[in-house]
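Generate the whole structure from the sequences, applying the supplied hints.
Top line first, the protein sequences correspond to chains X and L. Per my numbering, the very first residue in the first sequence carries number 292; after that it's consecutive. Per my numbering, the very first residue in the second sequence carries number 292; after that it's consecutive.
Careful, some of the hints might be misleading.
Put simply, identical chains are the same to the list, so a pair is met inside one copy or across any two.
Stated by the list, open to error - Quick list of in silico lysine-lysine cross-link-like pairs, DSSO-like style, CA-CA up to 30 Å: (1) 475 x 347; (2) 475 x 408; (3) 470 x 347; (4) 485 x 327; (5) 408 x 470; (6) 460 x 347; (7) 327 x 470; (8) 417 x 470; (9) 319 x 460; (10) 319 x 470; (11) 319 x 475; (12) 327 x 475; (13) 319 x 485; (14) 408 x 485; (15) 347 x 485; (16) 319 x 408; (17) 327 x 347; (18) 460 x 470.
In short, the hints are calculated from the structure, not lab data.
Listed here are the chains, written in short residue letters.
2 protein chains.
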Amino acid sequence: MAMPAEATRFQLQRDRMLRAAATCFNRKGYSGTSLKDVAHQLGLTDAALYYYVRNKEELVYQCYLRAAELGRGAMELANETGANGFERAYLYVRYHVEIMVGDAGPVAIMSEIPSLKTAHRNDILKISRQHSLGFEAILSSGIQDGSIEPCDVRMTGNAVMGAINWIPKWFHGDAAMAKQVIEKFPEVLTRGLKRASNFSSGQIE
Amino acid sequence: MAMPAEATRFQLQRDRMLRAAATCFNRKGYSGTSLKDVAHQLGLTDAALYYYVRNKEELVYQCYLRAAELGRGAMELANETGANGFERAYLYVRYHVEIMVGDAGPVAIMSEIPSLKTAHRNDILKISRQHSLGFEAILSSGIQDGSIEPCDVRMTGNAVMGAINWIPKWFHGDAAMAKQVIEKFPEVLTRGLKRASNFSSGQIE
DNA sequence: CAAAAATTTTAATGTTAATTAAAATAATCC
DNA sequence: GGATTATTTTAATTAACATTAAAATTTTTG
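Put into structure tokens, the structure is as follows:
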């Protein structure tokens with residue numbers, strides 16, 4: 292998830308660009324964001340962006356790829372860390388939220404998937420589907436191992452993913468609130484999952 | 292919520308237009324939707340839309356106003372119907388979901404609030420905030436009356452609203468699934484709210 | 001330090017879709 | 001049915017950005 296130590300200047304600058312673009316898209320909307328806006332955040336000229344990306348469509352695509360990759364990383368980590376289904380579910384949400392309100396910082400909300408060109412769109416949709424399936428698998432495993440109350444995993448997945456994806460709509464970088472969000476949001480989202488009959492009611496720290 | 296009986300041809304056509312626009316925006320994204328696309332769905336020419344709306348920005352604004360109004364209606368109805376906080380919370384989600392996957396739908400997902408002109412943007416943001424506060428008030432009342440487990444009402448509200456607002460991202464008008472969504476989604480979203488110590492565990496029908 | 005490669009800028013150009021005005025058609029009203 | 005009003009179309013026009021090519025600058029490398 293972190294940048295490799297030998298990241299080239301190109302990769303670093305490109306990542307800066309994607310973060311700047313995500314900031315703009317989330318703050319000003321897609322149509323409200325010109326390449327000039329993104330470039331300006333970086334102290335560059337709009338034309339300079341074309342050194343990193345073929346066109347605006349690809350900029351969006353890269354932003355979404357980055358967002359998807361961060362989510363995938365969170366889920367992977369959760370799967371490695373959590374002892375049972377419930378823990379994995381909780382930890383996934385927690386890690387993903389930490390990323391979204393943290394320094395990896397702004398993650399682009401995927402509003403404009405439909406206006407990507409076909410190949411890119413299919414790519415993102417495929418990754419998205421895989422991610423959703425991954426979460427549903429966590430839920431299923433938790434139901435199996437008794438840590439999660441039986442539920443409609445598809446709908447539960449939709450609900451949790453929706454809530455996470457929507458975060459950039461109401462969180463705008465306030466550092467004090469970030470702490471609050473990391474603390475509370477994952478708990479709120481997974482509270483309904485916990486198998487009632489379990490002995491412990493303590494939340495994972 | 293329903294159209295008044297004496298709705299003029301103008302009002303009817305305008306409402307059709309807003310629904311067509313919502314369909315396009317949700318399906319093709321904002322930037323992927325031209326006025327021609329919207330007009331085409333109605334069997335009209337792009338220029339005809341200007342009879343109903345000053346420009347594209349206002350079309351978006353009207354779509355969002357409509358979406359907000361439908362949400363407000365759902366909450367109002369829930370407040371009139373529910374016997375306690377939990378019921379009101381559940382019913383609100385249920386009514387809102389019914390609208391979003393039902394005949395009133397498609398409801399435009401509010402992705403492009405930031406690119407609205409200032410007055411319109413503030414207008415929508417104000418209504419949105421009011422709506423969120425309304426839901427938080429329901430939660431608080433439920434905590435008060437003992438029907439809802441104490442929780443961070445702000446975060447819980449953010450979670451529930453996010454999940455609802457995201458629905459158009461994964462629901463695309465499949466009638467069979469609509470039934471499933473109405474059945475399951477509200478239950479999933481409110482399951483975590485219910486006060487554990489309550490005698491009844493049956494869901495409201 | 002000089003040459004080569006990488007990055008950015010300047011200055012046009014192009015394209016797409018929004019917008020407008022005037023004309024044409026359709027609906028309504030007396 | 002004829003006049004009036006409401007709605008839609010045709011046919012330009014515009015403007016905002018995205019995009020491009022070539023030149024300039026900066027960075028790296030031997």
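Going through the hints against the structure:
For the identical chains of this complex, residue 475 and residue 347 are neighbours neither inside a copy (36 Å) nor across copies (39 Å), given an alpha-carbon limit of 30 Å. With identical chains, the CA atoms of residue 475 and residue 408 are never at most 30 Å apart, being 38 Å at best within one copy and 34 Å at best between copies. Taking the shortest Cα distances, residue 470 and residue 347 never come within 30 Å of each other, neither inside one copy (33 Å) nor across copies (39 Å). Taking CA atoms no more than 30 Å apart as the test, residue 485 paired with residue 327 passes in neither setting, with 48 Å inside one copy and 49 Å between copies.
In the homo-oligomer, the alpha carbons of residue 408 and residue 470 never lie at most 30 Å apart, since the shortest distance is 37 Å inside one protomer and 32 Å across protomers. Proximity of residue 460 and residue 347 under a CA criterion of 30 Å is satisfied in both settings, with 22 Å inside one chain copy and 22 Å between copies. Taking the closest pair of Cα atoms, residue 327 and residue 470 never come within 30 Å of each other, the shortest separation being 33 Å inside a single copy and 46 Å across copies. Taking identical chains as interchangeable, the C-alpha atoms of residue 417 and residue 470 lie at most 30 Å apart only when they sit on different chains, with a minimum of 25 Å there against 32 Å within one chain.
Taking CA atoms no more than 30 Å apart as the test, residue 319 paired with residue 460 passes in both settings, with 11 Å inside one copy and 20 Å between copies. For a Cα distance limit of 30 Å, the shortest separation of residue 319 from residue 470 inside one copy, 24 Å, qualifies, whereas the shortest one across copies, 36 Å, does not. With identical chains, the CA atoms of residue 319 and residue 475 are at most 30 Å apart within one copy only, with a shortest distance of 27 Å there and 34 Å across copies. Taking the closest pair of Cα atoms, residue 327 and residue 475 never come within 30 Å of each other, the shortest separation being 37 Å inside a single copy and 45 Å across copies.
Taking CA atoms no more than 30 Å apart as the test, residue 319 paired with residue 485 passes in neither setting, with 38 Å inside one copy and 38 Å between copies. In this assembly of identical chains, the alpha carbons of residue 408 and residue 485 never lie at most 30 Å apart, being 41 Å within a copy and 44 Å across copies at closest. Neither within a single protomer nor between protomers do residue 347 and residue 485 lie at most 30 Å apart by alpha-carbon distance, with minima of 43 Å and 46 Å respectively. Both within a single protomer and between protomers do residue 319 and residue 408 lie at most 30 Å apart by alpha-carbon distance, with minima of 22 Å and 11 Å respectively.
For the identical chains of this complex, residue 327 and residue 347 are neighbours both inside a copy (11 Å) and across copies (22 Å), given an alpha-carbon limit of 30 Å. Taking CA atoms no more than 30 Å apart as the test, residue 460 paired with residue 470 passes in both settings, with 17 Å inside one copy and 28 Å between copies.
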